[in-house]
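J.: Take these sequences, add in the hints, and give me the full structure.
These protein sequence lines are chains Z and E, in that order.
In terms of our numbering, the first sequence has 202 at position 202, counting the first letter as 1, and numbering is strictly consecutive.
In terms of our numbering, the second sequence has 133 at position 133, counting the first letter as 1, and numbering is strictly consecutive.
Reference listing, derived: stretches of chain E covered by chain Z, where coverage requires no fewer than 3 residues with Cβ under 8 angstroms from a Cβ of chain Z: (1) 64–77; (2) 91–104; (3) 113–124; (4) 158–171.
Derived by calculation from the structure, the hints in this document are not laboratory data.
The beta carbon of each residue, even a glycine, is placed where N, CA and C say it ideally should be.
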Amino acid sequence: MTESELLYTDRLSGGCHWSLHVRRGTSLRLIDIEGGANVAMLFYNPENLLERYNAPDTLKCQHTFKLTTGNCLYSDMGRIFCSIVADTVGWHETVCGNTTKTMVAKKWGEHNYQQHRNEWYQNGYNSFLVELAKYGLGKRDMAANVNFFSKVEVNDEGNLQYVADHSKPDDYVELRFEMDTLVMMHTCPHPLNPASDYPRKPIWYEIRQAAEVTGDDICLNSRPENARGFQNNHLYHLGHGDCEHD
Amino acid sequence: MIKRSQLQAEDAVARELVPAGDYYMKVVKAGQTVRILDLEGNQAADTLFYNANDPSERYSAMDTIREQGNVYLTAGTKLISNEGNVMLEIVADTCGRHDTLGGACATESNTVRYAHDKKCMHACRDSWMLAVAENDHFGMSKRDITHNINFFMNVPVTAEGGLTFADGISAAGKYVELRAEMDVIVLISNCPQLNNPCNGYNPTPIEVLIWN
Chain Z
1 MTESELLYTD RLSGGCHWSL HVRRGTSLRL IDIEGGANVA MLFYNPENLL ERYNAPDTLK
61 CQHTFKLTTG NCLYSDMGRI FCSIVADTVG WHETVCGNTT KTMVAKKWGE HNYQQHRNEW
121 YQNGYNSFLV ELAKYGLGKR DMAANVNFFS KVEVNDEGNL QYVADHSKPD DYVELRFEMD
181 TLVMMHTCPH PLNPASDYPR KPIWYEIRQA AEVTGDDICL NSRPENARGF QNNHLYHLGH
241 GDCEHD
Chain E
1 MIKRSQLQAE DAVARELVPA GDYYMKVVKA GQTVRILDLE GNQAADTLFY NANDPSERYS
61 AMDTIREQGN VYLTAGTKLI SNEGNVMLEI VADTCGRHDT LGGACATESN TVRYAHDKKC
121 MHACRDSWML AVAENDHFGM SKRDITHNIN FFMNVPVTAE GGLTFADGIS AAGKYVELRA
181 EMDVIVLISN CPQLNNPCNG YNPTPIEVLI WN
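T.: Structural data, given as C-alpha cells:
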C-alpha cells in the first residue's frame with residue numbers, strides 16, 4: 001500500500017473521548033505513542049443512526065475472535081464501516097466493553113474533576129455516553145465496542161486472559177472507511193488492565209486520503225464473506241459516484 | 001457445568017411451546033424461575049433480557065463475560081446488565097455451555113455469511129422486529145435489539161483467536177434454567193436458520209416453562 005496524502009493529524013491524551021465524522025475513502029490511522037494504549041471505538045451510520053457497529057456479526061462473518069489486518073468491521077445491516085488495511089499489533093479485542101465509574105474508583109481510586117481538573121480519572125462507559133449524547137444517542141445505543149491495541153486471549157475452558165504490554169511504542173492500526181461513518185472513541189484504560197496506577201496512554205490519529213480499493217485488496221479477499229460485504233456497500237452507494245471500483 | 005433442576009414440569013405456572021421461527025416475549029417476575037427446553041435437540045434459542053420496569057437496562061454480553069472472566073455461559077453464570085446489575089442467574093443447565101459471542105442471524109448478515117439470494121430467508125432479527133412492533137407497550141424498537149445469548153449453541157474460541165461454529169452439543173430434552181433477580185422481559189427468537197449447523201439444519205420447537 002502506498003502512503004497517501006496526510007490530511008489531518010491530532011493527538012488524544014489518555015483517559016479522553018472524542019468523536020469524528022469520517023468520510024468514505026479516507027483512512028484513520030491510530031498510533032500508540034508510548035505503548036500500552038487502549039482506543040475504544042463505536043461506529044454509526046450518520047444517515048441512519050440505527051445502523052451501528054455489530055461485534056457479533058463482525059466476528060462470525062469472518063470466523064474470528066480477534067481483529068487484525070484483513071478484517072472488516074461490519075454494521076448490523078451487512079455493510080462494512082471500515083477495513084483494517086494495516087496493523088502492526090496483530091490482535092485487537094471487541095468483547096470486553098468498558099470501564100465504569102465504579103470500576104475505575106475501585107481499581108485506581110476516585111479522581112474527580114473538582115480536585116484533579118483535567119487529570120481526573122474518566123471511565124469508558126461515561127465517555128461513550130457523552131459522545132453518543134452529542135448525536136441524540138444514549139445507553140440503549142451503546143453496542144459492544146472495539147478495544148484497539150488490547151489483547152484478551154481465551155483458553156480451552158473459555159477463561160479470559162488479558163495480555164499486558166501487548167502494544168509497543170509506535171505500533172499502529174489503520175482503518176479504511178468504506179462508507180461515511182460517525183466514529184465515537186475514547187482512550188480510557190481497558191477494563192481488564194491490571195496496572196496499579198490509572199494508565200493514561202496517549203495516541204496520535206492521522207486521517208489520509210485512502211488508496212483506491214483494488215481487486216487484490218487484502219480485506220476484500222481475506223474471506224468470501226467480505227467480498228459480499230463490499231457488494232452490499234456498493235449497492236448502498238449506487239448512483240453516488242466515485243465508487244465504481246468495488 | 002452440568003447441573004440438574006429439581007423443578008417438576010407439572011408444577012410450572014406457565015408453559016408455552018415456541019415453534020422455530022416464532023418469538024416469545026413475556027415478563028418473568030423477580031424470584032420466578034424460567035426454563036428453556038430444547039425439545040428435539042440441536043436448537044438455538046436466541047435470547048435477550050430487559051429490566052421490565054426500564055428496558056433501557058438490558059442484558060450485556062460484554063459485562064457478563066468480563067465479570068465472570070469466561071466467554072461461555074453455564075450454571076452459576078450471573079447475567080449482568082449494562083448497568084452492572086445481576087438480572088438473572090443460570091441455576092440449572094443440562095447442556096453445559098451456551099454462546100454469547102455469535103449474536104443472532106439477520107437477513108442482512110445472511111447476505112454476507114451465505115449468499116445474496118438467501119436474503120429473504122427467515123432470520124432471528126426479523127422475529128425480534130415483529131416482537132417489538134407487536135408489543136409496543138414495552139416501548140422498544142430496533143435500538144433495543146442488542147448482543148444476545150444463543151442458548152444451546154456451541155461457538156468455541158481457539159487459542160489463536162479463531163471462532164468456530166461447532167455442531168450443537170445440545171440434545172432432545174436438554175434445558176437451561178434461570179432465576180430472575182429482577183422483573184425481566186424475556187425475548188426469545190427460536191432460531192429459523194437453515195444455513196448453518198446451529199440448528200442441525202433442522203429448526204425445531206422449544207418450550208418455555210415458568211415456576212414461582
